[in-house]
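Protein chains in written order, with my numbering: chain A, 1 to 311; chain B, 1 to 661.
Just to be clear, a hint being listed does not mean it is correct.
Claimed, not checked - In silico DSSO-like pairs for lysine-lysine, Cα to Cα no more than 30 Å straight-line: (1) B:Lys598 to A:Lys238; (2) B:Lys610 to A:Lys296; (3) B:Lys639 to B:Lys582; (4) A:Lys14 to B:Lys626; (5) B:Lys610 to A:Lys297; (6) B:Lys626 to A:Lys8; (7) B:Lys479 to B:Lys366; (8) B:Lys14 to B:Lys173; (9) B:Lys582 to A:Lys222; (10) B:Lys379 to A:Lys8; (11) A:Lys14 to B:Lys618.
For the record, the hints were derived by calculation from the structure and aren't laboratory data.
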Amino acid sequence: MSETNGQKLNDIIKFLSSYLHGKDTALRLSLVAFFSKGHLLIEDLPGLGKTTLAIAISKALGLSFGRIQCTSDLLPTDITGLSIYKKDSGEFEFHPGPIFNNIVLVDEINRATPKTQSALLEAMGEKQTTIEGKTYRLSKPFFVIATQNPVEQFGTFPLPESQMDRFMMKISIGYVSREAEKEIISGGSRREELYSIEPMMSSAEVLQIQRDVKEKVYSSSKIMDYIMDIVGATRSSKFILAGLSTRGALALNSTAKTNAYFNGRDFVIPEDIKELAEHTIPHRVIFREEYDSVDKKEIVRSIIDQIAAPA
Amino acid sequence: MESKNLLNAKTRLKVENLVKGFSYAIGVVGFLSVARDTGITYNLLFISLSVFAVYRESRLNLVIPRWAINIISFLLIALALMRMTQDNMVVPALESLIALLGVKFVEEKKFRDYMQVYAISIFLLAGSALLSLDMLFLTFFFSLVFLITMTVVLLTYYSEDSAMELQASTAIKIVYRAVLITLISIPITIFFFIILPRTNYPLLNFLNRAATGMSGFTDSITLGEISDIFEDNTVLFRVKMNKVDDKFLYWRGIVLDHFDGRTWRSMGAGEEQKLWRTDLRGVRIFQSVFLEPYNNRYFFGLDKPTYVHYPKVKRFDDLTFRAPENVMRKIKYDAISILSDTMPANIAEANKNLQLPFDKLGTLSKVKELAGSIVENRKGENAVNALQHYLNSGAFRYSIRGMPVSKKPLEEFLFDRKEGSCEYYASAMAVMLRLSGIPARLVGGFRGGDYNDIGGYYMVPQKYAHVWVEAYIEGKGWKRIEPTPAGSGISTVKIRKGFLRGLQFFIDSINYYWSAAVINYNLEKQINIVGSLMKAFKQPSLRLSLDKGEAARTSLLIIATAAFAGLLVILLKRKRQSPEDKILNSFLAAIGKHGYRKSSSEGLEEFVAKIRDPHIRKDAATFVSKFQQFYYRDLKIGKDELNRLADIITKVKRRRADLNR
Chain A
1 MSETNGQKLN
11 DIIKFLSSYL
21 HGKDTALRLS
31 LVAFFSKGHL
41 LIEDLPGLGK
51 TTLAIAISKA
61 LGLSFGRIQC
71 TSDLLPTDIT
81 GLSIYKKDSG
91 EFEFHPGPIF
101 NNIVLVDEIN
111 RATPKTQSAL
121 LEAMGEKQTT
131 IEGKTYRLSK
141 PFFVIATQNP
151 VEQFGTFPLP
161 ESQMDRFMMK
171 ISIGYVSREA
181 EKEIISGGSR
191 REELYSIEPM
201 MSSAEVLQIQ
211 RDVKEKVYSS
221 SKIMDYIMDI
231 VGATRSSKFI
241 LAGLSTRGAL
251 ALNSTAKTNA
261 YFNGRDFVIP
271 EDIKELAEHT
281 IPHRVIFREE
291 YDSVDKKEIV
301 RSIIDQIAAP
311 A
Chain B
1 MESKNLLNAK
11 TRLKVENLVK
21 GFSYAIGVVG
31 FLSVARDTGI
41 TYNLLFISLS
51 VFAVYRESRL
61 NLVIPRWAIN
71 IISFLLIALA
81 LMRMTQDNMV
91 VPALESLIAL
101 LGVKFVEEKK
111 FRDYMQVYAI
121 SIFLLAGSAL
131 LSLDMLFLTF
141 FFSLVFLITM
151 TVVLLTYYSE
161 DSAMELQAST
171 AIKIVYRAVL
181 ITLISIPITI
191 FFFIILPRTN
201 YPLLNFLNRA
211 ATGMSGFTDS
221 ITLGEISDIF
231 EDNTVLFRVK
241 MNKVDDKFLY
251 WRGIVLDHFD
261 GRTWRSMGAG
271 EEQKLWRTDL
281 RGVRIFQSVF
291 LEPYNNRYFF
301 GLDKPTYVHY
311 PKVKRFDDLT
321 FRAPENVMRK
331 IKYDAISILS
341 DTMPANIAEA
351 NKNLQLPFDK
361 LGTLSKVKEL
371 AGSIVENRKG
381 ENAVNALQHY
391 LNSGAFRYSI
401 RGMPVSKKPL
411 EEFLFDRKEG
421 SCEYYASAMA
431 VMLRLSGIPA
441 RLVGGFRGGD
451 YNDIGGYYMV
461 PQKYAHVWVE
471 AYIEGKGWKR
481 IEPTPAGSGI
491 STVKIRKGFL
501 RGLQFFIDSI
511 NYYWSAAVIN
521 YNLEKQINIV
531 GSLMKAFKQP
541 SLRLSLDKGE
551 AARTSLLIIA
561 TAAFAGLLVI
571 LLKRKRQSPE
581 DKILNSFLAA
591 IGKHGYRKSS
601 SEGLEEFVAK
611 IRDPHIRKDA
621 ATFVSKFQQF
631 YYRDLKIGKD
641 ELNRLADIIT
651 KVKRRRADLN
661 R
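Just chain A, with the same shape it has in the complex:
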């Protein structure tokens, strides 16, 4: 069963690639984060197709899509929604915000004020939101893709390290290859077409896969030990001030399970963890200031290369 579903996921990736030239890796990683029930942070320059990616995922999986463009005057209620007084009935009526969608793209999250950010992050963590004393459950599945611009620093509120931990993975899309870019230019943007594609999966199926990943993929004690070794290494590394949290360890495990599922296995192998380490670890740990200029992914890779894989 996992074989066929894993295959199906790969089919989706293949299909969407035709719309997202040269973004296979990003797409795959996004789906891993999604099926691990986590959220995704994309750190990239504008105009590289983040929105297209989010739309593509939501459409292919048959999920609803909402978008929040963050500015410094964005209010929490702009995200969560609010109750408006109805003159006819004389009652307050709740108008849900964009967060009540399955897939929410939060553009340039570091432009929003900390107050707004925390409202969003609470929703991400708890999968529910409290408005005017009333708690609303968010839709299932719930997946946030937040983006931030690494270059533009003026007038931004960078996410605090503790909040970064709430994102399961942080990826960047990067420039696409010359060939792919040429194709994009010649064919024009196909975003419009994306809106009309038929969903390849029902939301029930999506939820089922999420459950399967969690319950049916086996992570052996050897793998657990491997994860604990990694966690321990980040905590004791000379490059790192604060190592992985327990939540980080959980994220390593659940993303690895999803990765295994994608590869048609129902058990985790060390490669599942290693492949994703560059995306699951750097944003969760605090590097020492003196290594600020060094590529963070490189440091993580060097740490992992010191750890004996089980086998």
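Given the coordinates of chain A, work out where chain B should sit on it, guided by the hints.
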């Protein structure tokens, strides 16, 4: 076929033939280990069955029905049970085992039949240990370990595929492994030999009471019964001691004081002695005696033994010592002797040794007349000397052939034939002394010994058995008298000279060390080893300076212990490796031989993806994907799967061979 072909690595050998050949070899080794003790009938039966089995296998196409085999086996076992007595259990059991083995040979053999052959062979070897435990046992033991290890490996191949053929190189590898296992088993055997707790008495001795016991030494001497004595060359005991002059080599065993006209017996050995004798004067000699099993209980010591150290030893006034029961296995005891030919004694006690048989044939009066004419008016020591001179003077000849078989042996010896063995001389002497009113008695034991310079000990064979006389001389006590003409007692022994003698002594030395170190290794020695080790640890520097030999021995022991500990750790570590880890390691080793090494941080798939050679990569990927199914699911790999994985490893190894070609 040329013999060269045998060495060719590409020669293919049929596993079936190998298994058959080695199985016969195993059976024969088991048979040889007991063949010395089992009856000739059974030995011949076994040999003829084996020959028939080989013939049947190679020429005849005859299958003997299993029911017939079963009935024969059953009958053999029943026969063995019937022949068993409480005193004799081992030999009948071994004999029927031999017969069973022969029957097994004849049978059409399957896996379990081969295993039965091995089991019977091991039983035979174990049984042989109950009969005799000499160095040969070790030889049989290690040959069996080696052969069985190797053959069981081959047998598993055979049971998988009866038509399987092996390359000679593979077969050699199996042989090599079996040798290795045997070699490893040696230090382990020694280790367990040293540490396993021992009893001071063998537990299984009750099984073979009558199995030993032919002897030149007896506890009674009967004259006129046999005309020829056959010289028995087997060594009865060995004595570790310094070399002494030949004239002192009287090994005291028993004192015979009662004569009924034909037979001397030991009646009044005296009370069990309470105190150690302190009235003897002479050179003290310390001896360690290694006594072979013989059907009696007397301990031998250089004349006069004053002290024998052995559990529950019984000591008597006449300086004889006895074991609590008959000696049925090799034993070792320590003895202290004082070299003296006299032994103070109480006259009242001595006077008990004037007993003479009831003279119903009228022989003794004639002897008394003779004694009177020899002694004349002499008294005491002079009378003794006169009688000794009479027998030694040349009128009498020493002989162990054609001795008088008679109702009146003594008379015949003294007056007619004038030749005989030491028993006749001693009897005549003692009787004449008693007739002259001088207390006298016979002492049985051994005279002489071959000193083995290599081992530093005397060998005393059965043929040196001897009887001499002790006469009581007032004021002096018991004096040893040698009535047998000088030198004759031992001059019958033609000592082999030169190389053969050297070889004989050398082999005997090995046997001696074997029994000194192995057979007599007991609880006491274990405690000693522990004790000396502890002492050595307590004050090592002091000991080192004091005794170089001891220091060397101690350090050797410590090194050996450390080596064993190391070996044990390695073995345990190896054992802790699960089959999964083992097969993974052998996989990595196989791939490693192609130059691909997995770094410890690499995952398996990652590693495999890096292999350049597409064939090896394909094999490796197959292995990894199969292996991971179990390994990362925390599942045990089943036997079949392990085999399949091992096949892939072999395939990977073969690829190397292909490349080399």
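Please work out if B:Lys14 and B:Lys173 have their alpha carbons no farther apart than 30 Å. Within the cut-off at roughly 15 Å; holds.
Given pair status - B:Lys618, A:Lys14, alpha carbons within 30 Å: holds (26 Å)
Are the Cα atoms of B:Lys598 and A:Lys238 separated by 30 Å or less? Holds - the C-alpha atoms of A:Lys238 and B:Lys598 are around 26 Å apart, at most 30 Å.
Take the C-alpha atoms of B:Lys379 and A:Lys8, compute the straight-line distance between them, and say whether it is at most 30 Å. violated (128 Å)
Could you grab the alpha-carbon distance between A:Lys14 and B:Lys626 and see if it respects the 30 Å cut-off? Holds, at roughly 27 Å.
Is B:Lys610 within 30 Å of A:Lys296, Cα to Cα? holds (25 Å)
Distance restraint between B:Lys610 and A:Lys297, which requires alpha-carbon spacing of 30 Å or less: holds (22 Å)
With a cut-off of 30 Å on the C-alpha distance, tell me whether B:Lys479 and B:Lys366 pass. holds (26 Å)
Hinted pair B:Lys626 and A:Lys8, Cα distance within 30 Å: Within the cut-off at roughly 23 Å; holds.
Does the alpha-carbon distance linking B:Lys582 and A:Lys222 stay inside the 30 Å limit? holds (16 Å)
Taken at face value, is the distance from the CA of B:Lys582 to the CA of B:Lys639 at most 30 Å? Measuring from Cα to Cα gives roughly 13 Å; hence the hint holds.
Comparing the model with each earlier hint shows a violation of hint 10 alone; every other hint is respected.
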